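Dock chain B against the given chain P, drawing on the hints supplied.
Chains as they are written, first to last, in our numbering: chain P, 276 to 575; chain B, 4 to 341.
Read the hints as simulated data drawn from the structure, not as lab findings. Possibly wrong hints are sitting among the right ones.
[Said to hold, decoys possible] Ranges of calculated distance between the beta carbons of each label pair, as one might list FRET restraints:
#1 B:K66 with P:G303: 50 to 60 Å
#2 P:G362 with B:L331: 36 to 46 Å
#3 B:L62 with P:V405: 35 to 45 Å
#4 P:C381 with B:A28: 25 to 35 Å
#5 B:A178 with P:G362: 32 to 42 Å
#6 B:V207 with P:A349: 32 to 42 Å
#7 B:D199 with P:P389: 54 to 64 Å
#8 B:Q15 with P:W293: 49 to 59 Å
#9 P:G362 with B:Q49: 39 to 49 Å
#10 B:Y73 with P:P389: 31 to 41 Å
Owing to the predicted nature of the structure, the values given are computational and were not obtained by experimental measurement. We put the beta carbon where it would ideally sit given N, CA and C, even for glycine.
Chain by chain, the residues:
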Amino acid sequence: MNATFRIWLTADVTTSPWQARLQRAYFGWRRLSGNRLTMFGLAVLVFLVMVAALAPLIAPEGYDAQDLAKRLAAPSAAHWLGTDDLGRDVLARMVYGTRVTLMIACLVALIAAPLGLLIGTAAGYFGGWVDIVLMRINDVFLSFPGLILALGFVAALGPGIRNAVIAIALTAWPPIARLARAETLTLRNADYIAAVRIQGASALRIILRHVVPMCLPSVVVRITLNMAGIIITAAGLGFLGLGAQPPMPEWGAMLSSGRAHLSGAWWISAVPGLAILITSLAFNLLGDGLRDVLDPRSDS
Amino acid sequence: MHVSILKGIARQASSVSTTLLGLLALTFFMGRMLPIDPVLAIVGDQADQATYDMVHRQLGLDKPLYVQFYLYIRSMLSGDFGNALFTGHRVADDLLKVFPATVELATFAIMIGVGIGVPLGILAAVYRGSIIDHVARVVGLLGYSSPTFWLGLMGLILFYATLDWVGGPGRLDVAFVDSIPTHTGFMTVDALWEGDMDVFWNAVSHIVLPGCILGYGSMAYISRMTRSFMLEQLAQEYIVAARVKGLSGWAVIRRHAFRNILVQLVTVITLAYAFLLEGAVLTETVFAWPGFGHYLVAGLLAGDMNAVLACVLIVGIIFIGLNLITDLLYRLLDPRTR
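For reference, chain P alone in the conformation it holds in the complex (with noise of 0.2 Å):
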């Protein structure tokens, strides 16, 4: 980084709200970058993304090549975490596995969190009959504990990867609309949300424009730290063989799959069991990291 842009990137006054959103984002990085856990976390997940970004390149076979003469083979120089019970490689099974895995946590986050959004800024900001209207189905849903949801509407959709993606996104939503409509309640009558009003903004213009960017960081914490249990939600629901149907390789349908081999073939469900640990775990740590650096109130 050269010197004079170092300068610019620090300076006490800000001269463009371009240099302010830079400078903001940089202090922040140097906040967060000095959380070693945090570092961890980003860079399981940084290492998760490119795994499953080049799975055909870094698979040593594709994940559905039987051979069953290798069947339950254990883990060796051919085959790095053994195969399964069709002789598969459960190497190249786990790494076409984070495609999976990752595919789910952002369908989930992607439907999830502008649902959230909408419904808990609308329920704030325009408050009265709406909110208390929005606030009631929301306390329904939250009277539920996620996977319990998840399988009632699994129940009712029929099982699949599809349904599965759905099932949690309907049980993800309603604390991301909670903080929303928190922070909106703390919007509602700031000034500059009465200066646009007068301007003649409309509401839609002012919940999409003036109020959702400011619940933004929040609401990005949250959803960081609830992916862990998003993902060992989709987990779940593959190990009871109502997620990612077969072939699919999905981590808790492979988990499941090595329940009949335990004693034998520990590793077809020790392998996939970690992988899930890890990811969540990495979600854990940088959700931790980000809410200390985006959202100063909340102690840690």
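For chain B alone, kept in the frame of chain P given last:
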């Protein structure tokens, strides 16, 4: 003061009943989302039109939706959840039979969670930043991040298949099953009731592993919350005052700080107990524990909506109930809320 309490109760009652109504609407809606024709599921595709129409009428599907909803609420509130096709019994009877197994497991788990989580949280707060604080944090993070069903399987491999320290899946060894009559449904209590120590120790050896694994998650949660409650109290001025007065370190913590977090702690523990129901679904599946979660999963895999929706509804009602209880406890225990 009385008026405000009555007002509070009234508000509580209306809030609970609307949530309950929403809950019923949700499970009703889930039942209608079904891509399968519920009539065909009963009569099969070989039935003639007359049989089909008869069952269609029996299920009340010819009535308008709001009438169906009203009938649904009425039967649910009277405890009639219909028949479970996969067991052939009434769902309500099935649930009564499986619930004690889950309650026994959850009670064991919460004892682990409280017994270890609370002291760990207190120590972590008192010795903030020390090695014990870090250990508590790591233990907690791992508890939040690990899939319980995986821990269960690994525990079975290690402690049952390899070391043979604990009993395997199920509530008893096959040789002991049905060897004592059922009084309470809690295997350990029933064994003591009969004075049969062999059965008792066998039951204990079976509950230890699933109980500990289920309890690990609540221990993580309870210790983390205990730590943050304690830190909050220890920063208060009255703690400093007590210290200045000359009270010894642990006396301050026990008599002042800990006593003040008790109310919050009770809330957390009740909530943790409720969330054990969720953990039970997967843990019971792994350990073939014939409880509520096992039943729910069996119903799901058999596509039995009556059983599944009844389970979902019951969990929702238990959650509402426990929230209500914590709220009342708060009012009772904390003089500031009066």
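Consistency of the hints with the structure:
no.: 1; hint: B:K66 with P:G303: 50 to 60 Å; verdict: 59 Å, holds
no.: 2; hint: P:G362 with B:L331: 36 to 46 Å; verdict: 59 Å, violated
no.: 3; hint: B:L62 with P:V405: 35 to 45 Å; verdict: 36 Å, holds
no.: 4; hint: P:C381 with B:A28: 25 to 35 Å; verdict: 31 Å, holds
no.: 5; hint: B:A178 with P:G362: 32 to 42 Å; verdict: 38 Å, holds
no.: 6; hint: B:V207 with P:A349: 32 to 42 Å; verdict: 35 Å, holds
no.: 7; hint: B:D199 with P:P389: 54 to 64 Å; verdict: 59 Å, holds
no.: 8; hint: B:Q15 with P:W293: 49 to 59 Å; verdict: 52 Å, holds
no.: 9; hint: P:G362 with B:Q49: 39 to 49 Å; verdict: 41 Å, holds
no.: 10; hint: B:Y73 with P:P389: 31 to 41 Å; verdict: 35 Å, holds
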